[in-house]
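Enquirer: In case you want the letters, here they are:
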Amino acid sequence: MFFGKKKFRLAAMLAGGLLACSVFTGCGGGGDNAGGGDKPAGDEIVVGANFELTGNHAQYGANANNGFKLAIKEVNDAGGIGGKKIKIVEADAKSEAAESVNAATKLISDDKVVALVGPAVTANVIAESQVATDNKVPIIAPAATNPDVTVENGKVKPYVFRACFIDPQQSEVMAQFARKDLNATKAVLYLDSSSDYSKSLGKIFKEKFEADGGTVVMEEAFLAKDQDFKAALTKIQTANADVIFVPAYYEEVGKIVKQARELGITAAILGTDGWDDSKVVDIAGKDALNNTFFCTHYFEGDADVQAFIKAYQTEYKNAPNVFAALGYDAGKMLINAIEKGGNDSDKIRAGIEEIADLQVGTGKITMDAATHNPIKGIVVIENKDGKRDLRTKIAPVASEGAAQ
Amino acid sequence: MDFAHQLVQQLINGVSLGSIYALIALGYTMIYGIIKLINFAHGDVYMVGAYIGFAAVTIGNLPIFPALLISMALTALLGMLVERIAYKPLRHAPRISLLITAIGVSFFLEYASMYFVTPTPRTFPEVMPNTSFNLAGFVVNGQQLLIFGITIVLMAILTYIVQKTKLGKAMRAASFDTETAQLMGVDSDKVISMTFCIGSALAAAAGVLVGVYYNTIDPLMGIMPGLKAFVAAVLGGIGILPGAVVGGIVLGVVEALVAGFISSTFRDAAAFAILILVLLIKPSGLFGKNTNEKV
Numbered sequence: 004m005f006f007g008k009k010k011f012r013l014a015a016m017l018a019g020g021l022l023a024c025s026v027f028t029g030c031g032g033g034g035d036n037a038g039g040g041d042k043p044a045g046d047e048i049v050v051g052a053n054f055e056l057t058g059n060h061a062q063y064g065a066n067a068n069n070g071f072k073l074a075i076k077e078v079n080d081a082g083g084i085g086g087k088k089i090k091i092v093e094a095d096a097k098s099e100a101a102e103s104v105n106a107a108t109k110l111i112s113d114d115k116v117v118a119l120v121g122p123a124v125t126a127n128v129i130a131e132s133q134v135a136t137d138n139k140v141p142i143i144a145p146a147a148t149n150p151d152v153t154v155e156n157g158k159v160k161p162y163v164f165r166a167c168f169i170d171p172q173q174s175e176v177m178a179q180f181a182r183k184d185l186n187a188t189k190a191v192l193y194l195d196s197s198s199d200y201s202k203s204l205g206k207i208f209k210e211k212f213e214a215d216g217g218t219v220v221m222e223e224a225f226l227a228k229d230q231d232f233k234a235a236l237t238k239i240q241t242a243n244a245d246v247i248f249v250p251a252y253y254e255e256v257g258k259i260v261k262q263a264r265e266l267g268i269t270a271a272i273l274g275t276d277g278w279d280d281s282k283v284v285d286i287a288g289k290d291a292l293n294n295t296f297f298c299t300h301y302f303e304g305d306a307d308v309q310a311f312i313k314a315y316q317t318e319y320k321n322a323p324n325v326f327a328a329l330g331y332d333a334g335k336m337l338i339n340a341i342e343k344g345g346n347d348s349d350k351i352r353a354g355i356e357e358i359a360d361l362q363v364g365t366g367k368i369t370m371d372a373a374t375h376n377p378i379k380g381i382v383v384i385e386n387k388d389g390k391r392d393l394r395t396k397i398a399p400v401a402s403e404g405a406a407q
Numbered sequence: 440m441d442f443a444h445q446l447v448q449q450l451i452n453g454v455s456l457g458s459i460y461a462l463i464a465l466g467y468t469m470i471y472g473i474i475k476l477i478n479f480a481h482g483d484v485y486m487v488g489a490y491i492g493f494a495a496v497t498i499g500n501l502p503i504f505p506a507l508l509i510s511m512a513l514t515a516l517l518g519m520l521v522e523r524i525a526y527k528p529l530r531h532a533p534r535i536s537l538l539i540t541a542i543g544v545s546f547f548l549e550y551a552s553m554y555f556v557t558p559t560p561r562t563f564p565e566v567m568p569n570t571s572f573n574l575a576g577f578v579v580n581g582q583q584l585l586i587f588g589i590t591i592v593l594m595a596i597l598t599y600i601v602q603k604t605k606l607g608k609a610m611r612a613a614s615f616d617t618e619t620a621q622l623m624g625v626d627s628d629k630v631i632s633m634t635f636c637i638g639s640a641l642a643a644a645a646g647v648l649v650g651v652y653y654n655t656i657d658p659l660m661g662i663m664p665g666l667k668a669f670v671a672a673v674l675g676g677i678g679i680l681p682g683a684v685v686g687g688i689v690l691g692v693v694e695a696l697v698a699g700f701i702s703s704t705f706r707d708a709a710a711f712a713i714l715i716l717v718l719l720i721k722p723s724g725l726f727g728k729n730t731n732e733k734v
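Chains as they are written, first to last, in the numbering used here: chain B, 4 to 407; chain C, 440 to 734.
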């Protein structure tokens, strides 16, 4: 009897699993390629939020998701768009490329979303972009800065957009900053070898820095989630470089800066938008963080971004980080596209492509139709005694994404 | 900085990293010694310990040593609870069931914590002054000394328990042959429970120290140290207490030297290459003899 019950349970679980599988393969086949383009039911516009809510990238995905939800909540509280409310269906990309595809497939075929926002991390967006293209559902990636997100083999992916600048721009800005502003001649690269983001930023920094007459004297690597960096830093110390370029995420960056200063490394440490989180100063300590610089999407002291920061503080009781800000921007872009008359996927796609001078959370942006990258400025921030100072502001320029 | 200077500095770095591996490896090795289970959840118990210490310091406003003790006590209870709920019902099941359950427990602890404390990393407040000493050009950190000191003290206490107390005698007997020990009147359930208790307390100590030293904790912080400590335990001879400590420190030093003199890219490759080499050449580990008594 006991055995029988157990077997029955097993069989039921198997059957359930098979059922779930058949749902996924059914839509993977691309049979219904009008997919999300169907008319939205009733008085709601259904959009999908596919973010990394669990796994290694959860801290980025969850923040971007919060920013996105805030943008949608604001428009719904103000009465929706043309009387219709926007409904978000959330799915978990689980910080894995395959899971990101599963989540996107589920959102498109089961929930019939007309557009997707997310995930946060480049690899997960690139994985999902094929599904979206096959089903003709537009994606806005809030924070994926790798050029390949919107461009494939030199051609722009028609349904994939982003809300941020791209990596080559960041590296060029920082390489130039190191050479011109800091007069550095010797640089060390310290990269996260588990992240494409970090490696591609490092490569472009090196090209640009050496083209401007500097030399990269040493390249070292670490892995995301490392705790101890002292061995590699001790080696880096022997290079006596003027600057150390660490294009990585804030958790590791905080620890690297702290341990570097403990070992007595006084060189300037430079980084990119992965640094943009208030946690860096908590982890590294404000004294250690002096003489460090990074480029990012917005400066929190700008008049343009105050409205967003205040709204986010009220909603979530903590300060937004850069992922939250970009998630919010992606939401604003989507809302703008829907307002321009699109409540099916193709009209939304066209609407995003035509975004011009739109006020989003982090400033004003215009969509570059040739690359699907927004044209927006970059700021270089200096950390000084635990505060952030605006060091330079680089005016908006179109990227050369499609040319590569 | 010349070669000799860098070498000494790397040895300092390596020993301080290695003492953390050693603390975690002790728990691994004890549990393996008693029930032949590679407890993959051990790294996550370490993570929970770090969070309890964090809560004691930030919410309870306690200084570091009471926080450390509270964390060790509560995490010890958690370890016993895990054993009672997840492993005890499988006492007579095939070894593989136990192993897979351990992986399940590991994921459960990771994602349950992620649900409760959110995936955002937390930063430890500065609970003790972080002074760096510059000894003839070598940088040694006060916290590094503290970690090393606590590791030695805990190791001494553990050796005392295992070698000199009745409980230790029972543990050694149970590890030698559980069933025979039972026939001799050893309550093996209690012994196993106590092993989890002590092993988890050690992991908690490591978790809190790591939180203080590296300043940040997050729900997935236990994965890599857990794996490294496993390598350390195998290197020293799994099931042998001094082996875990030596294995941990050797592993830390090897990592520092590889990162410093070859390339930091090969650091983890070197750590896991050690695992493969040990298993190929001397599966019983540095300290292992087939007839050795194990705990």
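Hints in this document: simulated from the structure, not taken from any laboratory. Heads up, some of the hints might be wrong.
Stated by the list, open to error - Stretch by stretch, here's where chain B covers chain C in the computed footprint (C-beta under 8 Å, at least three residues):
| hint | region |
| --- | --- |
| 1 | 447-453 |
| 2 | 552-558 |
| 3 | 571-583 |
| 4 | 661-669 |
A virtual CB, placed ideally from N, CA and C, is assigned to each residue, including glycine.
Enquirer: Confirm or reject each hint.
Expert: Hint by hint, here is what the structure shows:
Under the rule that three or more residues need a Cβ within less than 8 Å of chain B, the assignment of the region 447-453 of chain C holds, with 4 such residues. Residues of the region 552-558 of chain C lying with their CB closer than 8 Å to a CB of chain B number 3, which satisfies the three-residue condition for coverage. Counting residues of the region 571-583 of chain C whose beta carbon lies closer than 8 Å to any beta carbon of chain B gives 4, which meets the minimum of three for the stated coverage. Chain B is given as covering the region 661-669 of chain C, and this holds because 3 residues of the stretch bring a CB closer than 8 Å to a CB of that chain, at least three being needed.
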